[in-house]
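Let the hints inform the model, and build the full structure from the sequences given.
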Amino acid sequence: MKENDLLTRTFIFGVNCLKFLRSLPNDPESKLIRFQLGKSATSIGANYEESQAGSSKADFKNKVKIALREARESNFWLRILEKLEGYDSEEFKALLNESAELKNILAAIVNNTKL
Numbered sequence: 380m381k382e383n384d385l386l387t388r389t390f391i392f393g394v395n396c397l398k399f400l401r402s403l404p405n406d407p408e409s410k411l412i413r414f415q416l417g418k419s420a421t422s423i424g425a426n427y428e429e430s431q432a433g434s435s436k437a438d439f440k441n442k443v444k445i446a447l448r449e450a451r452e453s454n455f456w457l458r459i460l461e462k463l464e465g466y467d468s469e470e471f472k473a474l475l476n477e478s479a480e481l482k483n484i485l486a487a488i489v490n491n492t493k494l
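If you use this note's numbering, the sequence shown corresponds to residues 380 to 494, in order.
Treat the hints with care, since some could be wrong.
Claimed, not checked - Straight-line alpha carbon distances no greater than 27 Å define the calculated DSS-like cross-link-like pairs of lysine-lysine that follow:
{"no.": "1", "residue 1": "Lys-398", "residue 2": "Lys-462"}
{"no.": "2", "residue 1": "Lys-493", "residue 2": "Lys-440"}
{"no.": "3", "residue 1": "Lys-482", "residue 2": "Lys-462"}
{"no.": "4", "residue 1": "Lys-436", "residue 2": "Lys-482"}
{"no.": "5", "residue 1": "Lys-462", "residue 2": "Lys-440"}
Claimed, not checked - Derived DEER-like restraints, expressed as beta-carbon distance ranges:
{"no.": "6", "residue 1": "Pro-404", "residue 2": "Ala-432", "range": "31 to 41 Å"}
{"no.": "7", "residue 1": "Ala-487", "residue 2": "Phe-455", "range": "11 to 21 Å"}
{"no.": "8", "residue 1": "Thr-492", "residue 2": "Ala-425", "range": "10 to 20 Å"}
Hints were generated in silico from the structure; no laboratory data involved.
Every residue gets a Cβ at the ideal spot worked out from N, C-alpha and C, and that includes glycine.
Right, dumping it as structure tokens:
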């Protein structure tokens with residue numbers, strides 16, 4: 380996978396999460412998840428984008444680690460939604476799957492970046 384592909388994937392994931400969050404009800408739980416997932420899902424791409432301008436390999440790796448933490452958090456909130464609401468739409472399944480894939484890709488980048 381080329382880095383530009385991952386930049387695109389993380390950007391699209393953030394946008395798709397924000398679009399999905401518009402469909403959540405206005406109950407207190409959904410408001411909390413909307414806020415937390417909206418922040419973490421968009422932060423993946425923002426931090427990976429920042430990593431591309433890292434001043435060193437260590438800076439690059441650190442920013443990718445932050446993106447990985449945000450991907451883990453996004454996956455967590457999506458799993459919470461799955462248990463609370465029982466979402467089973469194709470749109471939701473795609474978000475859940477993409478969050479898991481992004482976690483794996485970012486973890487591989489962190490593990491394979493030699494300092």
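Structure-based check of each hint:
1. Lys-398 / Lys-462: Given that 27 Å is the threshold and the Cα spacing comes to 20 Å, the pair holds.
2. Lys-493 / Lys-440: holds, 9 Å
3. Lys-482 / Lys-462: holds, 20 Å
4. Lys-436 / Lys-482: holds, 20 Å
5. Lys-462 / Lys-440: Cα-Cα ~33 Å, so violated.
6. Pro-404 / Ala-432: 31 to 41 Å: Holds, since Pro-404 and Ala-432 (Cβ atoms, about 39 Å apart) stay within the stated range.
7. Ala-487 / Phe-455: 11 to 21 Å: holds, 20 Å
8. Thr-492 / Ala-425: 10 to 20 Å: holds, 19 Å
Taken one by one, the earlier hints fail for this structure only at number 5.
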